[in-house]
Amino acid sequence: MSAKLENITKIYKSGKIEVVALKNVNLEIGDNAFLSIAGPSGSGKTTLMNILGCIDDPTEGKVIINGQEVEKLSSKEVSNFRNQNLGFIFQTFNLIPVLTAYENVEFALILKGVKEHKTRKKKVTEILDRVGLKDFMGQKPPELSGGQQQRVAIARALVKDPKLVLADEPTANLDSKTAQDILSIMRELNRKEDVSFVFSTHDRLVMEYADRLIRLKDGKIASDEKKKK
Amino acid sequence: MIQLFKLAFRNVLRNRRRSIITLIAVIIGIFAYITMDGVMNALQNQSKLMLKLVETAHIKIFAKDYWEHRFKEPLEYTIEDYLEVEDMISAMQGIEGVTERIQFQTRIYDGRDEMVCTGIAIDIDGGDQTVFNLKDSIAKGEYLQKGESAIIGINLADLFELEVGSWLTLEFKDKNGIYDAAQVVVTGIFSTGHPDIDSSAIYLPLDLMQKRLDMENSVTEIAIRLKSERNLKTFNKKLDERLHAEFMEKHDFETLTWKEQAEDFLSFMEADALGGYITIYFLLIIVIVGIMNTMLMAVYERVREIGALMALGMQKKRVRRLFLMEGALLGVFGSLIGMAMGLIVIIILSKSGINVGALYAGQDVGYLIKDYIYTEVKIIPFIEAFIIGVVAAVIASYIPARYASKMKPAEALRKY
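Top line first, the protein sequences correspond to chains A and B.
The working numbering numbers the first residue of the first sequence as 165 and each following residue consecutively.
The working numbering numbers the first residue of the second sequence as 171 and each following residue consecutively.
Simulated from the structure, these hints should not be mistaken for laboratory data.
Predicted, not measured: the structure shown is a model, and the values here were computed from it.
Treat the hints with care, since some could be wrong.
Among the chain A residues that face chain B by a calculated CB cut under 7 Å, a handful are [to be verified]:
1. I219
2. D220
3. T223
4. S243
5. R246
6. N247
7. F252
8. N258
9. V262
10. A272
11. I274
12. L275
Glycine included, each C-beta is placed from N, C-alpha and C at the ideal position.
Make the full structure from the sequences, and use the hints.
Structure representation (structure tokens):
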């Protein structure tokens with residue numbers, strides 16, 4: 165899946181104060197990307213991720229995903245697009261605390277419109293097994309450790325076979341062993357199933373795993389480094 | 171939808187203390203609605219029953235124009251040969267009883283005080299009892315006797331300090347407009363619960379008053395009691411047609427159902443009930459504000475979660491539906507519990523009754539209640555209460571739900 169950001173500027177207004185989060189950012193992401201966005205806090209990483217994920221609108225500029233200009237889509241179409249194509253992994257997991265690990269993951273499939281219970285069960289069980297949570301399917305998020313919750317969040321993002329996964333600090337709450345395992349899973353999905361990944365991170369490990377490293381500074385792209393696969 | 175319902179249900183259980191407080195507000199509102207409706211209905215039904223048994227019967231037949239002039243010149247408009255009319259009525263289907271009465275203005279004296287009262291001459295040989303229940307209302311002494319006897323209401327007796335056996339002088343004008351007076355002995359004192367009747371009516375034997383009023387073959391009204399009130403309007407129409415067909419040459423009648431006779435009283439009851447319902451609606455507003463508060467707090471607490479759901483692709487309408495469902499669930503459970511509690515109270519009051527007489531200690535509160543009222547279990551108020559409870563909860567949740575659905579995912583995810 166390809167994505168293109170053209171002259172993206174994002175300004176947040178807080179009362180009379182205006183904060184420029186992104187300024188004239190141009191970025192092109194090709195198919196099968198494994199890309200990491202790094203930068204200090206406040207450099208605009210999350211804003212860039214949100215705009216890429218179509219959950220925030222730029223103040224200026226165009227977002228084109230798979231040749232389609234996002235601004236021209238209705239709110240419902242954008243929702244459907246996210247639903248069918250994108251997966252999100254949040255730094256703070258944002259799991260639904262009243263649902264079990266299984267139900268949290270299943271909910272993503274329900275939102276995608278997978279109606280058959282058997283199909284959902286097969287997919288959810290498989291993905292939870294893959295992230296090492298087979299024995300924790302009946303636990304609710306408050307009963308899981310930070311690492312386990314992050315794995316549920318990853319399973320939730322991956323279960324619906326997204327074309328692009330946007331992961332905001334996916335390893336921030338994980339120990340290095342778990343982080344390594346999770347990154348391996350993502351790498352495997354990227355290679356075998358052509359799922360694109362965009363990470364926002366401070367984590368060196370993630371940066372090392374990525375094929376391309378973009379550094380942001382003060383809302384601008386400071387460097388764009390492509391590595392050899 | 172089932173998954174959304176499951177999620178809504180679990181969200182309701184999420185902050186149990188807050189949900190319980192909201193549920194209590196709904197329960198109180200619905201319980202108050204059911205109980206008040208039950209008591210109001212009991213008051214009204216008992217009053218209507220009393221009205222029919224004491225004053226209006228189901229239907230009354232008058233000479234044409236009597237009703238309009240009944241206070242000034244009641245004896246000017248009388249029904250002649252009333253027995254023929256009664257025979258015709260008795261032959262009709264669905265008749266429980268028929269009787270005749272004369273109502274007239276009279277001034278009573280006890281030697282010291284005087285007062286204008288309504289004299290009501292009744293058939294003491296049993297006819298009156300087939301339509302009215304005056305005999306069952308005797309509180310002291312005996313029912314009306316033949317000859318110069320009278321029974322009076324308990325309030326009138328108190329006012330004139332009369333006892334059973336006291337003598338009273340009545341002054342009245344006969345049918346020809348000639349003043350006359352009669353001395354009668356009080357044989358009984360009644361208490362009907364009808365404030366006007368108990369304080370200003372004096373019942374006398376019909377044959378006595380027919381002579382004294384020079385109305386040997388006439389009365390001012392014929393009262394009818396039906397076996398069932400279900401077809402009251404139809405019956406009244408049929409009766410009117412029969413009367414016109416059979417007595418057109420001699421008489422012109424008007425027939426009035428109890429509702430037509432008691433228009434003012436029924437309007438008062440409606441207005442009073444409306445006042446009661448307004449109080450309940452205020453209570454419901456408090457319930458709505460309570461639920462709205464709970465739902466708003468739930469929305470504020472779950473801003474990030476809402477953002478995440480939207481980022482996952484949950485459409486705005488589903489987010490709105492989720493919060494509406496949560497509100498509706500509070501409404502459904504609160505209403506069901508409130509209804510169950512209301513039902514228990516209504517059943518208890520239908521057996522034990524409420525001693526309204528003791529509660530108001532003889533004051534005229536507008537209703538015709540002597541002592542106890544008994545509630546009835548009716549399905550309609552429960553259906554109404556349930557609908558009100560759920561609709562109120564959904565309305566209360568609408569603003570928070572709309573607020574949640576209007577959030578932009580990125581902004582929601584940035585909160586806290």
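Against the structure, the hints come out as follows:
| no. | hint | result |
| --- | --- | --- |
| 1 | I219 | 4 Å, holds |
| 2 | D220 | 3 Å, holds |
| 3 | T223 | 13 Å, violated |
| 4 | S243 | 5 Å, holds |
| 5 | R246 | 4 Å, holds |
| 6 | N247 | 3 Å, holds |
| 7 | F252 | 5 Å, holds |
| 8 | N258 | 3 Å, holds |
| 9 | V262 | 4 Å, holds |
| 10 | A272 | 6 Å, holds |
| 11 | I274 | 5 Å, holds |
| 12 | L275 | 5 Å, holds |
Comparing the model with each earlier hint shows a violation of hint 3 alone; every other hint is respected.
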